[in-house]
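Residue numbers (numbering that gives the first Met the number 0), protein chains in the order written: chain A, 0 to 624; chain B, 0 to 453.
Keep in mind that the hints are not guaranteed to be accurate.
Said to hold, decoys possible - Facing chain A, from chain B, some residues (calculated, C-beta under 7 Å):
{"#": "1", "residue": "GLU136"}
{"#": "2", "residue": "THR151"}
{"#": "3", "residue": "SER191"}
{"#": "4", "residue": "ASP192"}
{"#": "5", "residue": "ASP223"}
{"#": "6", "residue": "VAL227"}
{"#": "7", "residue": "LEU228"}
{"#": "8", "residue": "PHE232"}
{"#": "9", "residue": "GLY235"}
{"#": "10", "residue": "ARG236"}
{"#": "11", "residue": "ARG238"}
{"#": "12", "residue": "THR245"}
{"#": "13", "residue": "SER250"}
{"#": "14", "residue": "THR251"}
{"#": "15", "residue": "ARG253"}
{"#": "16", "residue": "ALA254"}
Derived from the structure by calculation, the hints contain no laboratory data.
A virtual CB, placed ideally from N, CA and C, is assigned to each residue, including glycine.
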Amino acid sequence: MLSERLTLMRCHETQNMELVVKAMNPKPIPPVLSPPLLNSGDVPPLRMDATKQPSRWKKRALSIGVGVSLLTAIFWETSPRTQLSRSTESVSGVLDPTIQAVAQQIDAAIDSEIEKQHLVKAHPADWRTVARRISLAMIGNGLSLEELRVLGQIPEPQRLNWWTEYLLQDRRSADYLAERWTRATVGTNQGPFLIFRRRKYVDWLADQFEKGTPYDAIARQLLEAQGSWTDAPQVNFLTATMDDADNKKPDAIRLAGRTSRAFLAQRIDCLQCHQDYLGKVSFSENSIETGNEQAPVAEAPSSRMGEQADFHQLAAFFSGIRLENPFVGLRNSNQEYRVKYLNEETETAVVPSVPYRRDLLPETGDARHRLAVWVTHPENKAFARATVNRMWAVLFGKPLVEPIDSIPLSGPFPPGLERLAEDFAANGYHLKRLIRTIICTEVYHRDSRIDQESPNEEMEIDERYEQHWAIFPLTQLRPEQVAASIHQASRVKAIDENSSIISQLELFTGVNDFTKAYGDRGDDEFNQQSVTIPQRLLVMNGSFVSERIKHNPVLNAATRIAELTSDDRTAIETATLSVLNRLPSELELSVFGKRLGNSRGPTRSAEMSSIFWALMNSTEFQWNH
Amino acid sequence: MEPLNSGRIPTAAGNVGCDSWRQFHRRRFLNGTATLAGGLLSQGMLTRLAERLALAAESKQVDKVSAKSLILLWMQGGPSQLETFDPHAGSMIGGETKAIGTSAAGLQIASSLPRTAEIMHQATLIRSMISREGDHERATYNMKTGWRPDPTLVHPSIGAVICHQSENNIEIPRHVSILSDQWPSRGGYMGSDLDAFKLGDPRNPLPNLKSYTDPKVFQNRVSDLHEVLEKEFRRGRIRDLDKTKTLHESSTSRATTMMASEQIKAFDIALEPSKIVSSFGDTPFGRGCLAAVRLIENGVRCVEVELSGWDSHVENHTLQSNRCAILDAALHALIEQLDERNLLEQTIVMCAGEFGRTPRINVAGGRDHWPTGFSTLLAGGLFRRGHVHGQTTHELLENGKDPLTGIQDAVRVEDLHATLLHAFGVDFTKELQTPIGRPLVLSQGKVVSTLLES
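Bound-form chain A, shown alone:
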């Protein structure tokens, strides 16, 4: 059945457009003329150095090249597609029952807390809204009209599971997840020139995610990496910390901080300089199971405050790494780690050790191998908790525990965290299973608002509703999510790896430029921030948006919707689906309907451009909800 449905999509783009429109309007749509091709006046002039005029044949070659490229793009936009993506036939919307069982347990734990707080939980959100959340988290943009059309044909009980599976099989999700994970493991700095290859590192991570490499294995490869940063891209985890001024060894201090935060969600950086006099860091030698997630796990006598030595003993695992030469890359050596502790007169040689659960640390072997074994040991629960918390944050836009890289070893833990961590560890640290489980929860499907038509209409909704997951949290989209969503909303077709190279290049360069102008949050991507005036001006008046909503019958969805839809209602419905991935409200239909006023031609196209502008500039579009 599914393949039959997908076959429906194997049609000409105009037909494809009609199908999208038909999904919302049972009335037949009259056939539409093919969009006119770009005339020569639409071809942007080439910039050439006036002092170096190319010969005539070069000019011709350039013209032909540009022409072919444009025709390719146009052909892509108007040509039939054989399938939505290369792997649709193998996508299943049936979920593993064990995943459903875990999700139910997590929901029960969270709902219990909501009740305890006397809060009302939101109703399930519209399926398109949930699909948009999944899409934003996994590939960084909303759904295309084309994708919405396909999803609409999947039986509702399986629809969102199908969409999750579809995206998990799509290379775009591995690429995007790798970008997010790169921030956590090597930060957002450019790193040292030549010896840090960020792109290679991201690609390597994406390969691991796509292959389904267990996350503990990925972590071990990073911690034990050796060799050249080009031949063994995981080495970039280490070279990212190298200083230009001293490029013979990675920075053991920074590596200790990153390892503890990214893999264990332990912020012990303050111990670098002094003992934990603020009482922020405590270590428990033995984990005590209480059976209650919200009760402290360890109040054992062995629980102690952090000391300066804890940090430096961790850093000492990385002290032996040396850059032999650019061809050999990083190799282990017997370099000793020395530090002058606070109030000490002389330096001390530091022996590598770990701050808690020393019983899990192998007694012999290479230092970094011992550390990697300890970090990923199944009984070192901090590893699973840290990963679960980060994946939850990627999917919800907000972690279970804030800040994302600071989860007390001894709890208390928020409802759901321990159960998810336990399942993640027990099932081989598979990230895809973790994603499926989180998305499967009712909490993930919850609306981000409380229905005001409910009996509790008068109640006030405050921050506690988000804090306890009674509603889906409202979070600002990342810059690249805003850019990619604008770009996708301005196109009828999904932009994926099957898209023309020009479409992909347009997306890549456009997103990069927009992100730079919009301003990246750096490492603090989950710190809640607000919108700034330059960001608003950029979307309101910037060329990135204007180019994508202006009259362009070949490329822009706004024009095509204006020209191809038979009536105002259908046009407005298609526009809101394209941009906000939802159907319009009555108020929107009324106001936008008056704007369109059954107009035709350039007037209608201009009005639709304005509707797209308003939709793209809304809080709803630029926030995940």
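Based on the hints, put chain B in the right spot on chain A.
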């Protein structure tokens, strides 16, 4: 301890901002006439004239020690103290640089800064800055915030702190960064609404400030956005969604206010006489400095102007001389213009980079990073005039010897920040509650009182 937003007074512009799109008027947009002045005043928004009168009145009332605005001339890359403000001509470390006398008695600076030498009687020169950061990014963060990078928290830059601690009553951003490339000043934990508003060469129009549609169309678009989409979206959500969480609607309003504001002319240096424009030098940096004067004149609290290209690991003398030529004209004209416009008393100018450069010249004729004993120039406000603080040695330190050797009256970066905040009348020992739950003072340094007028 105060909550994070307690320092921010509910602002006139902020109040107006919520509905300011309603004030977006076609005639005003086209002609720049203040047709809505009465309405704006009644809601707390000031016209340019009223704004300037208010600022003038405010300046009389406020204690003389308190400066109001900061101009940060940011020398990205690490200027060499030896080729700028701390030449050791003729010594082992001096290189090719010559020293010249200045308008401050007994003070010599590099001969590559002849115009600057003429205004040194207006400035305080610190020759003994020290930090613990030798990496560009980390040191920039350190110098701009007064804190070393901390993975758990992003600290606000000095400009953001000043904005946070002062009233907002203008229609344009109070924190502006001109020509900044990699690491512009940020609001950090105080909020991204205090991030510097970035712009490029002031010769070019401000980006994205003009709508690409007809004003009537734009007005309809904004109306639909607020009256339809935002209204629908607010339903059933957290109370005061915009104010407490997103700032999306208010930022839209402030953006449209800015688009229609007369104060936007402060960015337009073409309105200055050509003689003044040319006195700053025909460079983006020079134009940035002139724009900074105009912005400060219109109530902007902090303007950062960046001059990059100081990272001279090779051919140090040539590179530094080239940069000095640009800095020299602009710095001279900046101090002169601030003085002429009676703004120097209420404005502090700080000229600094993230670190200095090594006394030793390397095999490529360059100097490397040197965070121990570099120079920073300060002028205006309560900073002393014609004063030099600290001293570095002219000896070439042997390898392994403590680089702090030979530095007299060292000033730590955090102490510089504490002194600056003190000069702005800010109680920097005040603790704010940061988003990670950690109470934090505004500065951990101590005031270097010898830098200030007694």
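*Given SER250 of chain B was flagged as interface, is its beta-carbon under 7 Å from a beta-carbon of chain A?*
5 Å, holds
*Return the status of the interface hint for SER191 of chain B: holds when the least beta-carbon distance to chain A is below 7 Å, violated otherwise.*
Status holds, d = 5 Å.
*Tell me if GLY235 of chain B is really an interface residue toward chain A, meaning its C-beta lies closer than 7 Å to one of theirs.*
3 Å, holds
*Holds or violated: is there a CB of chain A closer than 7 Å to the CB of ARG253 of chain B?*
Holds, about 5 Å.
_A closest beta-carbon separation below 7 Å is what the hint needs, so does GLU136 of chain B meet it against chain A?_
The hint holds - GLU136 of chain B has a Cβ within 7 Å of chain A, the shortest such distance being about 6 Å.
_Can you verify the interface hint for PHE232 of chain B: is its Cβ closer than 7 Å to any Cβ in chain A?_
5 Å, holds
*asked:* Min Cβ distance, ASP192 of chain B to chain A: is it shorter than 7 Å?
replied: At about 6 Å, which falls below the 7 Å cut-off, the nearest Cβ of chain A leaves the hint on ASP192 of chain B intact, so it holds.
*asked:* Is the interface hint satisfied for VAL227 of chain B? The criterion is a beta-carbon contact with chain A at less than 7 Å.
replied: Check passed: Cβ of VAL227 of chain B comes within 5 Å of chain A, closer than 7 Å.
*Per the CB criterion, is LEU228 of chain B less than 7 Å away from chain A?*
Holds - the Cβ of LEU228 of chain B comes within 7 Å of chain A, reaching about 4 Å at its closest.
*Regarding the hint that ASP223 of chain B lies at the interface with chain A, is the smallest CB-CB distance below 7 Å?*
4 Å, holds
*When the nearest CB of chain A is found for THR251 of chain B, is that gap smaller than 7 Å?*
5 Å, holds
_Cut-off 7 Å, beta-carbon criterion: hint that THR245 of chain B touches chain A_ = 6 Å, holds
Violated hints for the displayed structure: none, as all numbered hints are satisfied.
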